[in-house]
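Colleague: What follows is the residue order along each chain.
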Amino acid sequence: MNALTQYIELFKAHRSTIEANAPAALNERRTEALDVLEKCGRLPQRGDEGYEITSLNDMFAPDYGINIARIKFPDDELSTFRCELPSVTRAWSMLVNDHFVAAPGLEQSLPEGVEVMSLRRAAELYPGMIYGDKLPVDNPVVALNTLFVQDGVFIRIRRGVHFDTPIQILNVFNSATPMLAARRIRVVVEEGAHASVLICEHPRVADVDYLSCRVVDVTVARDAQLDFYDLEEATARSRRASVFACDQHQESRLNMSNIFLDGGMTRNDYCIRYSGDHATTRLGGLVIGGREQSIDNSVDIAHSTQHCSSNQLFKYALFDQSKGAFGGMVNVEAGARYTDARQSNRNLLASPEARMHAMPQLIINCDEVKASHGATTGQLDERALFYMRSRGIPEAEARMMLINAFMTDVLDHVQLEPLRERLRHLVDKRLRGCNSTCNTCSLEKLK
Amino acid sequence: MNQDNTRPENQSEDIIKGATSGEYKYGFVSDIDTDIIPVGLSEDVVRLISAKKGEPEWLLDFRLKAYRHWLTLEMPRWAHLDIPEIDFQAISYYAEPRKKEGPKSLDEVDPQLLDTFNRLGISLEEQKQLSGMAVDAVLDSVSVHTTNKEKLAKMGIIFCSISEAVKDYPDLVRKYLGSVVSYRDNFFAALNSAVFSDGSFVYIPKGVRCPMELSTYFRINAAGTGQFERTLIVADDDAYVSYLEGCTAPQRDENQLHAAIVEIVVEDRAEVKYSTVQNWYAGDAEGRGGIFNFVTKRGLCRGDYSKLSWTQVETGSAITWKYPSCVLKGEGSVGEFYSVAVTNNRQQADTGTKMIHIGRNTRSTIVSKGISAGHSENAYRGLVKVVPAASGARNYTQCDSLLLSDTCGAHTFPYIDVQNDTAIVEHEATTSKISEDQIFYCNQRGIPTEEAVGLIVNGYAKEVMNKLPMEFAVEAQKLLQITLENSVG
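Residue numbers (the numbering used here), protein chains in the order written: chain A, 2 to 448; chain B, 123 to 611.
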């Protein structure tokens, strides 16, 4: 079945409703997105290059509802919802499905020059800023998102402003029926500014199918820095197709970490582009997969400017029947001299049925470069386990310690200490099988 | 510093440019009377080839099935290659050096043919008498001569052209032909299965250790023809054989097609070592002419504790599309792949290997060294797959790329698919140019830049060169020098 047709038909039939409930700036690009999708003909399927374990076609195939008429949900989220990352920040807001909900007193907690608002409002205030220059418009997920997006979050850090407190966005899902949310998060860090953003994903209901079609569109201007943390803690029935696109200007720094603790099926695309020299990119990924989860990270970095460096570190620990995939494409274009591109993918298969697919790729068209990649897939070192057990550490505990140690360098990328400690705690909790959404997981066996 | 010398960086640029101007010394055409069938491909052509070779019915069936399947396929486009449209109807699928009744001894062979091989540096006569190597030479489509056959026959070793094997050992050929590379495998495998003309057949019986290196030389000579040879090697239990393959072609303006299949079956505790020095004509500096080398090579380690080792030095061909693979089915079987691929001028190469781990405790090693210069594109593409049953599988992959110009490309596309939790799979790759520190160090010790580049490139490729049998190592070293001529000196 071709899942794409149903979305194209849906869009064509309800275009007027969608557009009537969205600001003009968001409606502008729908025609272009429609063209892209009609040209695609179908969504990528398993077996297509770069889609070894994920079929976007299957992911989008179920009959999800889309709240195009923007029927309001009761506003009780704020009072009842408890995030796993409490009190990391006061500067938080929520995306309930795709509705923006500001925390009480959000504006007061933000200093001057830091703006966090709904994308709808931003589209009216700053219509010229709601799209990044390097958004990969021909990516099918971006195109689908563009077709249906009506709201999202807009974050702007004005020139020279340093804001140390992380800006947190809680993605919450709440619906009684299967639903697709087209979320868009737009982050603009202006020249010399410095900010950190933390996004986490939590469903309120565990027994409803749910698809998050998400686009994070980031611009990091000259000499600016953005630390971006993406935490996924969803349910077995949730699906996520996410594209993180970043346009980095001269001497900008991006530090991005993606932490997958729980979910159903996830596909994350990272698309990093450069508009200036001397930019630095660091991508970290940590995956703890269990049950029948499927986690697919696909990185696409195109070095087109000089003296830039990129460093990727993705680590997977896979339990049960979980499947992991990592695709890392580093493309050093002709003329991108003095590029330093590094990529590392380390995987741990902790169960006989777990499966890992790694594709670290390099395309080098320039000779003044340093490029390397490494990938390993294996299991815990038996000798290390034996060593620990011979010193009286029970096997399960020893395993836990080794997995924690294995994961630690990804967490080291997290700059903010309280957040890092909190994340360590969450990872530990997850490994012990006692996180909020998952208590039937066979990770229990480790105990 | 000598006044004539330009600045060091210019100098090294010149040297590297010099690398792109190395000429192809095997580009002569032998004027041999050749029997070429008209261009084009149809069922009739397939029947004609089969008839010309007097083949049995089952083989014709095999060819026809392959041809019909080929019609349903499209040319693969997934490789990192820019392949021009190939008109498969503009190629002649069979070219046979015309000769009187088959030569009974070397004296009866066309003297010009012998001269061809002498110029290639493999004097059949000398080889026969001195080095004790058995050579099967395939010119265009047909195997011309096999040396040392009698000596081998005494040990029960069969080494002959595949057409002879079809006549003399039909059961063996029928049993193994297409058992590793089915005609349904891919576009070029289907094409080859339909029109293959000749190639070598090797059978090493149980417990026999082949006392000499077996060697085949392939050469495309006639214009407008393709070469579609097929090699089948079977090593029975406890057998051992080392097989060498060399390829050259004359210099021509148009592109010529080479689509071969190599199948290897390795039984219990047997070992096969397959070495290739590929030096097909690569086209001129502007990328005119040259061979399209689309080859399917695969070995099946069927027996327990069997071992298959591929070593290749790829310096020629305008376009190379080649992935010698190992299917490690037997318990404890071992696969190895050592490769040096050099691309220059406008050459393109997309080459690598597949290691499919099926049996328990199977091991594989991949060492791939790419060297790109000029405007060439050089890609490594490899698959390491561990199926759920392959407990204790172990793979180590290392692929390095060396860039000698700022206009060339070096790419790496590894695919790692692990479905077993006891497997250990490692992959590492680096890309760099020759470091100025190294050149400076050599200069400092009185080694001119030119020699230093040679030294470094040779050192870089050494790990693979060491795996080649002696006779080939010398030639491979020479080839590397010719390809990067003037820089290596």
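It should be emphasised that the hints constitute simulated quantities derived from the structure, not laboratory data. In this text, all values refer to a predicted model and were calculated from it rather than measured experimentally. Honestly, I wouldn't trust all of these hints.
Derived coverage of chain A by chain B (criterion: at least 3 residues anywhere in the stretch with Cβ under 8 Å from a Cβ of chain B; other residues may be distant) [what the hints assert, rightly or not]:
1) 168–174
2) 345–351
From chain A, some residues computed to sit far from chain B (all C-beta separations above 12 Å) [said to hold, decoys possible]:
3) Ser17
4) Met330
5) Asn332
Each residue gets a CB set at the ideal place from its N, CA and C atoms; glycine is no exception.
Colleague: Hints first: check each against the structure and report whether it holds.
Modeller: Structure-based check of each hint:
With a cut-off of 8 Å between beta carbons, the stretch 168–174 of chain A has 0 residues touching chain B; three or more are needed, and the interface restraint is violated. Counting residues of the stretch 345–351 of chain A whose C-beta lies closer than 8 Å to any C-beta of chain B gives 3; at least three are required, and the coverage claim holds. Residue-level check passed: Ser17/A sits 41 Å from the nearest beta carbon of chain B, beyond 12 Å. With 12 Å as the threshold on Cβ separation, the claim that Met330/A sits away from chain B is violated: the shortest Cβ distance comes to roughly 9 Å.
With a closest Cβ-Cβ approach of about 9 Å to chain B, Asn332/A is found to fall inside the 12 Å limit, against its non-interface label.
Of the numbered hints given earlier, the model fails hints 1, 4, 5; all others are met.
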